Structures are given as C-alpha cells and as structure tokens.
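Asker: These are the residues of each chain, in order.
There are 2 protein chains.
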Amino acid sequence: MDIKTKAGQARGASGKLASTSAEERNAALRSIAQALESEGASIDAANKADLEAARETGLAAPLLKRLKFDVAKRVDCIAGIASLISLPDPVGVVQKRTELSPGLELTREACPIGVVGIIFESRPDALVQISTLCLKSGNGCLLKGGSEARNTNRRLYEVISGAAASAGMPDGWMQLLETREDVGAMLALDEYIDLLIPRGSNAFVRHIMDNTHIAVMGHADGICHVYIDAAAEVGMALDVVEDSKCQYPAVCNAAEKVLVHEGIAHEFLPRMKARLEGRGVELRGCALTRAIIDCKVAEEADWDAEYLDAILAVKVVNGFDEAVEHINRHGSGHTDAIVTADTAAAEKFMDLVDSADVFWNCSTRFADGFRFGLGAEVGISTSKLHARGPVGLEGLMSYKWKLRGSGQTVAPFSDGRMEFTHVDKGV
Amino acid sequence: MDIKTKAGQARGASGKLASTSAEERNAALRSIAQALESEGASIDAANKADLEAARETGLAAPLLKRLKFDVAKRVDCIAGIASLISLPDPVGVVQKRTELSPGLELTREACPIGVVGIIFESRPDALVQISTLCLKSGNGCLLKGGSEARNTNRRLYEVISGAAASAGMPDGWMQLLETREDVGAMLALDEYIDLLIPRGSNAFVRHIMDNTHIAVMGHADGICHVYIDAAAEVGMALDVVEDSKCQYPAVCNAAEKVLVHEGIAHEFLPRMKARLEGRGVELRGCALTRAIIDCKVAEEADWDAEYLDAILAVKVVNGFDEAVEHINRHGSGHTDAIVTADTAAAEKFMDLVDSADVFWNCSTRFADGFRFGLGAEVGISTSKLHARGPVGLEGLMSYKWKLRGSGQTVAPFSDGRMEFTHVDKGV
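Protein chains in written order, with numbering that gives the first Met the number 0: chain A, 0 to 426; chain B, 0 to 426.
No false leads were slipped in.
Identical chains blur together in the list; that is why a pair holds if it fits in one copy or across any two.
Under the rule of at most 27 Å between Cα atoms (straight-line distance), these lysine-lysine pairs were calculated in the DSS-like manner:
| hint | residue 1 | residue 2 |
| --- | --- | --- |
| 1 | K347 | K95 |
| 2 | K95 | K424 |
| 3 | K47 | K72 |
| 4 | K347 | K424 |
| 5 | K15 | K347 |
If you're looking for bench data, these hints aren't it; they were derived computationally from the structure. Values in this document were obtained by computation on a predicted structure and should not be read as measured data.
Just need the whole structure built from these sequences, with the hints factored in.
Answerer: Below is the structure:
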C-alpha cells in the first residue's frame, strides 16, 4: 500500500475516531495492554531479529540498548498505558460557553487535531507510547520508526492495531511507514496530515521543518543557558550549574552555556572550574573568563553550538542586559535559567528571555513533561504557536466552535431588531 | 530602510513591549486615540489624495467606499480603541499553576507571540484596528496595506507610531511596508517574524501559505454548507438557508452549498426555490435536485467553488453519512450547519464535520468574532493548530513556562531521594 493510500485511510478513520467515546477509547487501550502481554513471545522474537541484525552491522552499545525491547521495557509500556487510561479524557472538554442570545448557545470544545505524522528514533517503546497517546486523544497517526527496529515495530504495529480493531476502533487509524522514501512523500501530504512531530537529531528536525507546509511541532536545537547574576548566592549557583550541565549532558535541556555577571565572576568562576572539572567537564571561556580561570578558548561558533556532551562555554557579561541579549540572540528558545537573589531581576529575566521555559534558581533539567506534571509527553516544542515547551496530550488537541440554536438568523441582529446578550455561562 | 532592518527593529522592540505593563499599553492606546482626533485634518488630506488618485485610475465604487476614511470611520476607530482599552490585559495571564515540589512552583503564563506580519486590504481603518490590537497584546508588527491607501496608511502610521512613542512605547514596534516586493521579502524573514496574517483574496492567501515557513493564520476559501436533514422543520430550514445565503453573500461565512436529505427534498426544494429566487439567487442543482425543481446544472467544479455571490449549489444526498462525507471532502473547514429536530443527528454532525465552526439550527453568518463575543477580531482561521475559527486577542498570544525555585536540582528526584508533589495550585 502506498503512503498516500495509508494517509487517506488514516484521514478517513480519524473522523470516526473523533466521535468515539472516552470509554470506547479506554477499552481499546486496555485491549492493547492485554495484547502486549499475551503476544509477548512474538514481540520478543521480532526484537531478537532486530538486535542480531544490528549487532552484525556493528551498531554501538548505547544504540543497541535503546533498540532492545525486553520484558522490563514491555512491562513499563503496559504500566504507561494504564496511567494513560487514568488520565481525564481530553476530547470534548468545553473550554468556553457563551449565550449569544436566548436559545443560541456557543461552546468551544476540544477535539482531536486529526492525523499526526510522527517520525521517531530506534526505540520500540516510542511506538507504543506514541500510538497510545494518539488513540487516547482521538487522533489518527502515521508512524515511522528507526529502520534498525523494523521487525519489532512491524510486530508491535500488528499487535496494537489488531487489539484496537478488535475493541471496535475504526480500521486504519494507525499506519506504519517503513521506508525513508515514505518520510519524504509524507512531507507533501498536507491534504491528509495536520501535524508532524519529528524526533531525532537537530539536522533531521530542521530538514523536516524546511521541507513541508504541514505544521511541525518539536525543537531542533536545545542551547540552554544559565545566567549567574551579580546577586546570585554562589553555592546555589554552583549546584544549579552542575546539575544543569552534568545530570544528563546528552539531552536537549542540559545547559550548554553559562553567562556570569562581571561583578561575581572572580568569586564564582574558580569554584565553578573546580566543581565542573571534578565532573569531567571541559570549559571553553571568553577572554574575560580566561583572565580569571585557565581553560580552553571559546570561539565565536561556540555560542551557537549544542554540544550534548561534557563541554560548557562560559562568558563573562557586563550586566543583565548583555545576558538577555546574548540568550535571545544565541539561544534556541528552549530553556534558560537565571540564578539570583534579586526578585525583580528574576521576574524581568523571565519576561524578557524569549524562550519556552524560563527558570529562576533551579536546574534547566526540570524542563520535561513528566517533571512538569503533564503526564504522558509528546515532545518539547520551541514554536510559539499552538503548544510551547513540554507538550502533553493537550498539544494533540485542537478545538471547534459549536453553536446550538433554534432557527436564529443574523438579519435581525444586523438591522437592530435584536441584540447579542453575550452571557458567559461558565464551563 | 530595507525590510530586514525594519523587521529587526520590530523584533528588538517586541522584547521590550512584552515587558510593558497593561497600564503603560493602555496609556499608549489613549494617546493614539487622542492623536487620531487632533491629527484629523492631516489624515483627511492624505485620504483625499488617495481617493483622487483612485478615481483617476477608475477604481470601482465599492472599492472607493472601502478606501474612504472619513470622520465617521475615524470616530468608529476611536470608539474601537476605547473598547480595546476596556478589555482585560491578555499579557501575563496565569493559565496553570503547579507545585512541583515544596518551594518549586511552575506557572504557565500568556505572553505575546513576538512579531506579527499582517497584510490587509485597502481599508485604512484596518491599519488602526490591527496596530492597536498588536499594541494591546504586546506584539510588534509589520503592516502592509493596499497600495491604493498608501497616503492614508503612511499618515496613520506616523500618527499612531508617534503617539505610541510619546507615551513611552519602544521605538520601532510598528513598521509600515509599502511595496509588493516587501511582502515577498517578508516571507523569508522567519528569523524575525513569528506569525503572518494575510487578509484578502483566496489566491493571495494561498500564495502566502505556499511560499513561507513562517506560521500563517487565516483562511483561504470559505465554502460553507447548510445540510437540511430529513428531520428538519421546513420553515426553520428555509429561514436558515435564506439568511446564510442572502444576508451578505460576498463574505466568507455565507453559505455556498445546500445539501438536502432525499426524504425531505420533495417538500423542501420547491419552497426553497421560491424563497431564494425571490431574493435573486441563482440555483445550480445536481441531477436529483433538477428532477424536483427547475434550475441550472451544478457541474462537478461547483462543489469546490466559492462564489461570494448570489449563487447557490444544491445537492440531494441519500442520508447523513453522504452529507458529512461531502462536506469534509469539498468544504474548506470554515463553517457548516445542520438543520434538524433530531438532537442525536445534530450532535453527531458537529462531532464528525471537521470544520472550525459547526452549527445546529442557525445561520452560518454567525461565524464572526464580534458575534461570538470575542471583542476585537484578528480574522478567521481554518488551521487546526493554535487558533481556530474566529480569532480574538487570544490568537495573538503565546505562553511560556516559568519555574521559580530556591536552588532545586534534578539529581535528587532522579535517584529517588525526592519525589515530585505535582500539586495543582489553581490559577
């Protein structure tokens, strides 16, 4: 079946999915959880085939670990589905209710976006999480996983779509894409696809964003800053920088840059150097930094680099304004933090820094849907439209306006015989 | 000044604008209203020059009427600014508040999108409305009006930006573009511009959507349907169809198609023909329609056409499913209505029709920001992301996540020494 046919099927099914009840979708989620349990052996076999093939091509150990879909990961996925079932139904939530005129009531109600195309890394648990998130939110989906996981993904697709179908979900709501060509073709299918969520390397996400007219949710770079203000408490600043940089350097919300106010640089930098070098971090400093501590040179390109590694670029700034300007120029709009005891400076920083997440006196690593309490996470968006920052189920929802009347026409409102009441009826 | 410089200035100013207080922005709006009053003579003179030039080029009378910016329109604009001042401040509204852990509080707060590029028709009052909406919502803007209004627009720009500057608004938040080339260049400035709002013909809006990576808010076609269900009350159906088609045929929320259930077609169609032909509407029918009433033939292309005129295409459908499928295939996702006494059918229609506005027993002409009670209107969006349907000030807002801590790091939450509390603190 070609991608256009698949996309058309998902589009057709998405309409029906949008009108299923929360009970029906939750029953399908339970059926999927049971099938992942009962079909465990065939899923294991498929994953073994993928792992063997990957070992033969010499896939690196960390990637093999991500590719592995063993009993423990399967149990986690099943627990994830249970927690998804327990979340309130996002479909049909009334967001506004207004009487326009007696007997003419307007509501704004959450509805699924429609069809979502998601391209994700070689981690089979991602397929389970994403497809069940889409089902919970009533969205059709086109899924393209990493090619190393092709056998596992195909088996998971069969198990999940079969279980959903047996629980009465419309055929075709979930489609599996298997080739790189399919991804290219998907970018042109704006007639069928409402939203793309690409997960993966910066270059890949940027490629998707630059080559489609479909809305894209996600982030390319994660160039996060910590700004140490003159009024920072040094011990706290050291803790925040260390956690932001070292707690998990390979992820998008890890800090890549530290900006230090010149008024505190002499006190802070030597202690930061001691602390971070103890954690194996390579420092790259501007000229003012290197006048205070010995470290490598930060080149101009360092300010725009996402290392995803134990490297930190350090710049001494002459004040608050330079820090904010630097972040807005070189940052990626993801997550940026200030450490300061000065409340006014902190609030001004959070207003002026144009990023999805703006933090005060805490680690950039908190930028995460689970930590934010959003439950299941779709991804992190650096767009300023629709969803921004960590995105939960809400990011998979649109809304529509429903107006329920009893024969009302506009003419009498237009010629002054009637007037709108516009009474807020609450939600 | 070239467009890139202008866009850069707007971007720079937008950061400052975002941190102004509601009082400061309202004071600037008051200053603008006063300037429109005191500078009336020079605005009139500029508009006279535009009107004279337009008459010489033989501009049609309705367009001349739109181009005219006389005392009455100026007074309306000033009243519009007064009502904008009275609206609650959209900036900084707290949308969520969660305690992640004692002393670590997360809020999601509304903030301006940043810089908005708006291209609008030759109606000088649009420049006043749009620029003041942007100011109220804290957004920088690039404005390109119709070239016929160039003298009026330039004078209005000088008066408004001057008044805003004298009230302390950051220089450059508002920029005027004057050439068609500027519009083309603007489409590539995704580094500076966060959102485009094109208003105008279908072809123009589609051209913008197809030629930029900047998010676009708006609608191309408005192909609105009224579906007359078997269980419709015929008198009501006639009223709704007449108003939807005839109350103002030249606008996007006027009905272009009527679908009629075969079970009611024999009763409904002759009466509809009498009613609409009495209003000068040309009917174009499918074969089944023409077996019942005498009218022109509806060709296949009619189902996808937006007439914006006193023409209505009519199709007899064999039931609810065919009606919904036809609307989702041929509609534009703008506004579609059902007339029926069957509540279950109405609710199913509103769930299954994938449009911004889905109406039951009322005219499609209600699809409008003012009628919806949203106050000032930015436009109508058929996108399913961000804002959908009539868009008020809310559509010009993004949000950011602010996390206020006291030195918290992720490590203790990661290794199990601490647990998130995730207490909803209300808003």
